[in-house]
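Assemble the whole structure, with the sequences as input and the hints as a guide.
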Amino acid sequence: MSGNFEEKIKNYRTAPFDARFPNTNQTRNCYQNYLDYHRCKKVLSAKNQKTTPCEWYRRVYKSLCPIAWVQKWDEQRQSG
Amino acid sequence: MAHPSQLGFQDAASPVMEELLHFHDHTLMIVFLISTLVLYIIVAMVVTKLTDKLILDSQEIEIIWTLLPAIILILIALPSLRILYLMDEINDPHLTIKAMGHQWYWSYEYTDYEDLGFDSYMIPTQDLTPGQFRLLETDHRMVIPVESPVRILVSADDVLHSWAVPCLGIKMDAVPGRLNQTAFITSRPGVFYGQCSEICGANHSFMPIVVEAVPLEHFENWSSMMLEDT
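In order, the protein sequence lines correspond to chains A and B.
Numbering of the first sequence is given in the UniProt record's numbering, commencing with residue 1 and proceeding in unit increments.
Numbering of the second sequence is given in the UniProt record's numbering, commencing with residue 1 and proceeding in unit increments.
No lab work stands behind these hints, which were simulated from the structure alone.
Even for Gly, the Cβ is constructed at its ideal location relative to N, Cα and C.
You can trust all of the hints, since none of them are fake.
Some chain A residues near chain B, calculated using beta-carbon distances under 10 Å:
1. T14
2. A15
3. P16
4. N23
5. N25
6. T27
7. N29
8. Y31
9. S63
10. C65
11. P66
12. I67
13. A68
14. V70
Shown next, in the form of structure tokens:
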């Protein structure tokens with residue numbers, strides 16, 4: 001399972017089609033992956049586990065989300 | 001790109017645009033045939049010396065001019081729906097690029113691997129070199145690998161814009177706070193021009209889009225070079 005996952009990350013080209021967001025508006029797709037990454041990281045860090053499984057969400061949100069949006073959200077998270 | 005005194009579409013550079021072009025030709029031919037027929041009938045009615053004051057109805061011609069338009073409409077609708085569903089096909093992109101509209105330039109972000117982002121301003125007319133196109137050239141082009149499915153996510157930073165490239169058959173509105181997705185494949189290498197297609201202020205006509213499709217090795221060299229520069 002983790003072998004497959006590592007291969008998936010290694011062969012990552014770009015965010016694949018996500019059936020949850022089939023339409024033109026991909027705003028939610030970007031936002032959802034950003035949230036999923038940070039939640040995943042938070043949960044795994046709280047359990048003192050490695051955050052490698054969260055890497056997929058990070059790659060996807062990096063592909064989809066405009067840099068300016070990510071910066072804005074990062075600032076918002078930092079200021080609570 | 002567009003040529004002076006051009007009437008038809010620009011040469012297609014993607015399979016979808018080719019289909020749209022052929023569909024347009026097919027529909028326009030039907031329109032021309034109907035118009036010619038109607039014009040002929042009008043002229044014939046006006047110049048004829050035959051009169052018959054007792055014609056009241058005719059079942060046969062009523063049937064013909066009901067069925068024939070229905071058949072013609074079906075002949076138009078079937079290719080139209082085919083293309084509609086073709087455009088909506090789930091594709092598996094190899095590359096994602098974000099096109100962000102600003103007042104008054106586009107910025108492109110390639111963030112699949114590294115964070116590459118750059119702005120694309122129009123080259124002012126006085127700075128053009130001979131052979132370049134007025135109001136269409138930009139300092140940095142959006143380079144993509146040829147024959148690779150590319151996903152473009154269009155958004156805007158301030159006001160509404162619209163990312164349009166006629167050769168590829170693409171027009172997608174850039175709405176602040178929204179990420180609109182469109183995808184295409186270029187069937188041939190080349191340089192394809194487009195212009196902002198939603199009024200966005202004083203320099204709305206001066207924020208063009210240039211897409212350059214190159215072989216994959218050239219694309220990789222270009223992106224390494226751009227990353228070094230930024």
